[in-house]
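First to last, the protein sequences are chains A and B. Going by my numbering, the first residue of the first sequence is number 1, and it counts up by one from there. Going by my numbering, the first residue of the second sequence is number 1, and it counts up by one from there.
Think of the hints as simulated: they come from the structure by calculation, not from any bench. No experiment lies behind these values; they were computed from the predicted model shown. For each residue, glycine too, the CB sits at the ideal point set by N, CA and C. Careful: at least some of the hints might be erroneous.
Here's a subset of chain A near chain B, in silico, CB distances under 10 Å, partners left out [as the list claims (entries may be wrong)]:
1. Asn231
2. Leu331
3. Gly343
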Amino acid sequence: MSTRWQKWKQNRRAAWLAYIALAVLLAALPFLTGAALGRGWVRILDFTLLYVMLALGLNIVVGYAGLLDLGYIAFYAVGAYMYALLASPHFNLHLPFWALLPLGAGLAGIFGILLGAPTLRLRGDYLAIVTLGFGEIIRIFLNNLNAPVNITNGPQGVNLIDPVSIGDFSFSRTHSLFGVDFPGIYTYYYLFLALALLVIFVSLRLQNSRIGRAWVAIREDEVAAEAMGINTRNIKLLAFATGASFAGISGGLFAGFQGFISPESFNLFESIIVLCMIVLGGMGNIPGVILGAVLLTIFPEALRYLGELQNALFGRILVDPSDLRMLIFGLALILIMIFRPAGLLPSVRRQREFGSDASVLAQEQASLYDTQR
Amino acid sequence: MDILTQQLINGLVLGSIYALVALGYTMVYGILELINFAHGEVTMFGAMICLAVIGALAGNGTGLDGGVIVLLGLLAAIAVCMAMGFLIERIAYRPLRRAPRLAALITAIGVSIVLQNLAMLIWGKQYVTFPPLLPLVRYELGGAIITNLQIFIMVLSCLLMAGLLVLVKHTRLGRAMRATAQAQDIAGLMGINTHTIISVTFVIGAALAAVAGVMVSAYYGLAHYYMGFMLGLKAFTAAVLGGIGNIAGAMLGGLLLGVIESLGAGYIGALTGGFLGSHYQDVFAFFVLILVLIARPSGLLGERVVERA
Chain A
1 MSTRWQKWKQ
11 NRRAAWLAYI
21 ALAVLLAALP
31 FLTGAALGRG
41 WVRILDFTLL
51 YVMLALGLNI
61 VVGYAGLLDL
71 GYIAFYAVGA
81 YMYALLASPH
91 FNLHLPFWAL
101 LPLGAGLAGI
111 FGILLGAPTL
121 RLRGDYLAIV
131 TLGFGEIIRI
141 FLNNLNAPVN
151 ITNGPQGVNL
161 IDPVSIGDFS
171 FSRTHSLFGV
181 DFPGIYTYYY
191 LFLALALLVI
201 FVSLRLQNSR
211 IGRAWVAIRE
221 DEVAAEAMGI
231 NTRNIKLLAF
241 ATGASFAGIS
251 GGLFAGFQGF
261 ISPESFNLFE
271 SIIVLCMIVL
281 GGMGNIPGVI
291 LGAVLLTIFP
301 EALRYLGELQ
311 NALFGRILVD
321 PSDLRMLIFG
331 LALILIMIFR
341 PAGLLPSVRR
351 QREFGSDASV
361 LAQEQASLYD
371 TQR
Chain B
1 MDILTQQLIN
11 GLVLGSIYAL
21 VALGYTMVYG
31 ILELINFAHG
41 EVTMFGAMIC
51 LAVIGALAGN
61 GTGLDGGVIV
71 LLGLLAAIAV
81 CMAMGFLIER
91 IAYRPLRRAP
101 RLAALITAIG
111 VSIVLQNLAM
121 LIWGKQYVTF
131 PPLLPLVRYE
141 LGGAIITNLQ
151 IFIMVLSCLL
161 MAGLLVLVKH
171 TRLGRAMRAT
181 AQAQDIAGLM
191 GINTHTIISV
201 TFVIGAALAA
211 VAGVMVSAYY
221 GLAHYYMGFM
231 LGLKAFTAAV
241 LGGIGNIAGA
251 MLGGLLLGVI
261 ESLGAGYIGA
271 LTGGFLGSHY
281 QDVFAFFVLI
291 LVLIARPSGL
301 LGERVVERA
C-alpha cells in the first residue's frame, strides 16, 4: 500500500489536487457536519482542533525528545487561567485577545522551563512521576487559591470569560458573509483551524531542523547525543518550553471558547488522554498524532449513540450508554495497542525498526526513552 | 492529646497500606519496566468484592461471627484479585512483551479504565459502606489514641512484607524472580520459565493489593469505584520515592509517604501561618517527592545506575 502511495505522491499534479480537495473539505466541514449531524457536532469539531494542538505540543516533548510527561495538562491550565483571569469580570480586567494569546504561550513556556529545570537529571519513569506530581500540584493550587486571597475562585472556577474577539469582530456572534450565516461555533472553527495549521506547520519545520534532530538524538541515546556536541540541557528545556507554549495557546482558546473554566477540566485523566492520542496515533509522526487526536475526541462522543443502538437492537435500553461509553473506550485502547503496538500511523523510522529482525526490536525497546539499562 | 504522636500513628497506618500497594507496582516494574496503571483498580476490586461478600453473608441469618464474615470476605477478595492479576497480564501485557514500552503503558491505562467502569456497572456509583462487624477498641498510647483496627493493619502489613522479603530473598521462586528481573533472556536460557515467573509476580502483587483494598475500606468505612485511582497514584509515588524496582524501597517509601502526608495535613497550616490549609497535603507529598528525586534521582534506596556508553 505504501509504495503505491509514494508513487502517487511523487505525481505533483495529483498531490496538488489532493491538497486542494483537502482544503475544500476542511473549509466545508462545519457546514457538512452541521447539516448532517447538528450543531453539537460542530462544537465537537472545535474541540477536536484544540486537542490536535495539544497533542502536537505533547508530541514535541514525548514523541521527539522522548521525555515522558504525565502532567502536560498543567500547561493547558496555565494558558486557560491566564486568559480567564485577564479577560473576565473576576478581576474586572478585559485584555484583548491578541495580547493574551502570546502572553499565555509565554507564561506556559516559562512554566515548562520551571518544570524542566529540576528534572533534567531524571530518566524515564522517574520523570513521568515528577511531571505527574507537578500537574497535580498546579491543579490543587488552582482548586484552593480562593483563600485567603481570592485569585482563582477555587472549585467554582471562573465564569463569564470574554469570548475571543479581534477588534470589533467577536467570534461568538453570528456573522453573515455573501448571504451565508456563520454562527459562533463556525467562526471559532475557522480560527482554531488556522491556528492548528500554524501549529502543524511549526511542528513540521521543527521536525527536520537542527533542533528537531537534536531532540531525536536525545531520545535515542542521550549520552551519545551529548558526545556529539549537543547541549542536552538547553535542548531538553527547549522541548519542554515549546511543548508547553502550544498547550498555553490552546488553553487560552479553550477558555475564550468555553466562557467558563474550573480546575476539574485539568485533571490527570486529561493528561493521560492526550498521551494516549499521540501513542495511539503514532508517536513522533505528525499525521499519526493528528489522527490520534481526532479519533480519541470523536470516538467517545460517537459512543453516546450507544443508547439508540441498543434501542434498535433490543428494543429497549439495557445499560445506560454513558456508563458503557468509557468501558468501550478502554477496551478500544487495549485492542489498538495489541494489534498496532507502534500506533496507527507510525513514523517511517519506527516502521523500519518494526519491519526488521528481533534484535533491532529489542534495541528499540531499550532505547525508547531511556538508556539506563 | 498529643498531636504529633497521633499524626505519626495515623501516618504509619496509612503508610503501611500504601506500602502494600506500592509493592505490587515495584515488583512488576522490577521485572517488566512497566508502570502497571491497573494496579490501583485491582486494589479497588479487592475492597468491593470483600464488601459484596460481607453484604451477602451479614444480616441474613447465617449466624456467622462478624470476624469470620470479614475473614471470608478477605479471602474471597484475595482469590478474585489473584485471578484478575493473572488475566490482566495474560490478556493485556503478554502480547506486548516485545513492543515499545509506551504501548504497554497505554494498554495499562486502558485496563484501568475498563476495570473502573466495570466496577461502576456492577456496584453502582454510590459509596458502599463497611458494616460495623468488628467491635472497635481504643487504646491510649503516649497521649494518643490507637484502635485495634489500626494495630491489626500495621501488624498484618508487617507480616506480609516480611513474608514477601523471605520469599524473594530465600526461596527458589524468589531467586527465579530476581534472575528474571535482572536479565529476562538470560534467565530463560538458564531454564527459568520467565512467562510463569511474570504471571506469579502479577498474582502476588494482586493478592497484596486485595489485602490493602480491604484494609482501606475497613479503615475509612467506605469503598467506591473511583477509590483505586488516587490510592494507586499515591502508592506509585511511594514506590518511586523509595526507588522503583526495589522491594525494601517500596516499603520505606510507603511508610514515609503516609507519615509525610499526615504530618503535612496536621502541621501545614501552622507552618505557613494559616496561609495554606490542610487541603494542600497532596501538594506537600508531591513536593517532598520532587525534592527527594532532585537529590537522589533514582529514589531513596534505588541503586545508582551507571550510564551505559
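### Task
Compare the structure with the hints numbered earlier in the document and write down the numbers of the violated ones, lowest to highest.
1
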